[in-house]
Amino acid sequence: MEERLYDLIFIVRPDTPEADTDKLIATLEHAATEKGGKLDKVEKWGRKRMAYRVHKLREGYYVYALVRSSHGEVVKELERRLKVADPVIKYLTVRVDEELKRKEKLQRHRERRAARRPRKPTPAAPSAPVAAVEPPAAAQA
Amino acid sequence: MADGTPAPAPQQHSHHSSGPGGPRPSGPGGAGRPGGPAKRGKRSFVRKKKVCRFCVDKVDHIDYKKADVLASFIQERGKILPRRMTGTCARHQRWLTVAIKRAQNIALLPFAAEL
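These protein sequence lines are chains A and B, in that order.
In terms of numbering that gives the first Met the number 0, the first sequence is numbered consecutively and its last residue is 140.
In terms of numbering that gives the first Met the number 0, the second sequence is numbered consecutively and its last residue is 114.
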């Protein structure tokens, strides 16, 4: 099965010691590898003010991870662990590979069009459009 | 009859010409995004054309993690601003709403502002 990418964000209580957070991340990493997945990158966003109160807390410690997996078991296991873990107050998993694919496709499309564009306006109106076309090309480069 | 019909026409005309005087000078600036034209008269004004901010910046992907970008597309109370306010194109608005809703789920954006 093809590989899938997921964004995994979870929020731990702000009063959790840093060491506990690190330990939690380590266990998640271990769980992911055990199920045949991988945490591609882990970012600690740190204490942030949440947009609304969760469990009567106004702040939370955000942790972001990019999960790479080939089957749903990995996400299932990670979510189960997050649900069980006491310091975690919120988590969210979002599948992102399809959107990234779309993004890349659009980028390729854009580049191809940008490469093609200078040719077209030249026969129609020689001087003015050429000047108008050049700045975006320069901006992209 | 013949006298009656021409009479309203200049009136309308004067309305018409006074209308564009307001919105038109704001042409070059791109700042006045939400709530642009305050009054909407009976006649169509020459309104400043709003362009999709994402199209201008050539955005291929709206990231739900960038709450600061998304925050400019919600109202104070947390509602998502409609396209007619922001000028966002249909495609980008579609991406935008999904991104905002995801951000809401992880408390990056409010569902509704707290009082």
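In short, the hints are calculated from the structure, not lab data.
Warning: the hint list may mix true and false statements.
As the list claims (entries may be wrong) - Listed below are several chain A residues computed to face chain B (Cβ distance under 10 angstroms; list not exhaustive):
#1 F9
#2 Y63
#3 L105
To be verified - In silico DMTMM-like pairs for lysine to aspartate or glutamate, Cα to Cα no more than 25 angstroms straight-line:
#4 K47/A <-> D56/B
#5 K65/B <-> E42/A
#6 K65/B <-> D39/A
#7 K64/B <-> D6/A
#8 K100/B <-> E33/A
#9 K40/A <-> D59/B
#10 K57/B <-> E97/A
#11 K57/B <-> E103/A
#12 K64/B <-> E42/A
#13 K64/B <-> E2/A
#14 K43/A <-> D62/B
#15 K64/B <-> D14/A
#16 K64/B <-> E76/A
#17 K100/A <-> D56/B
#18 K65/B <-> E72/A
#19 K100/B <-> E78/A
#20 K64/B <-> E17/A
#21 K64/B <-> E97/A
#22 K100/B <-> E97/A
#23 K55/A <-> D59/B
#24 K55/A <-> E75/B
#25 K57/B <-> E98/A
Even for Gly, the Cβ is constructed at its ideal location relative to N, Cα and C.
Structure-based check of each hint:
no. : hint             : verdict
1   : F9               : holds (9 angstroms)
2   : Y63              : holds (7 angstroms)
3   : L105             : holds (4 angstroms)
4   : K47/A <-> D56/B  : violated (28 angstroms)
5   : K65/B <-> E42/A  : holds (15 angstroms)
6   : K65/B <-> D39/A  : holds (20 angstroms)
7   : K64/B <-> D6/A   : holds (10 angstroms)
8   : K100/B <-> E33/A : violated (32 angstroms)
9   : K40/A <-> D59/B  : holds (23 angstroms)
10  : K57/B <-> E97/A  : holds (19 angstroms)
11  : K57/B <-> E103/A : holds (13 angstroms)
12  : K64/B <-> E42/A  : holds (12 angstroms)
13  : K64/B <-> E2/A   : holds (22 angstroms)
14  : K43/A <-> D62/B  : holds (18 angstroms)
15  : K64/B <-> D14/A  : holds (23 angstroms)
16  : K64/B <-> E76/A  : holds (23 angstroms)
17  : K100/A <-> D56/B : holds (20 angstroms)
18  : K65/B <-> E72/A  : violated (28 angstroms)
19  : K100/B <-> E78/A : holds (20 angstroms)
20  : K64/B <-> E17/A  : holds (23 angstroms)
21  : K64/B <-> E97/A  : holds (17 angstroms)
22  : K100/B <-> E97/A : holds (18 angstroms)
23  : K55/A <-> D59/B  : violated (37 angstroms)
24  : K55/A <-> E75/B  : holds (22 angstroms)
25  : K57/B <-> E98/A  : holds (16 angstroms)
In the structure shown, a violation is registered for the earlier hints numbered 4, 8, 18 and 23, in ascending order.
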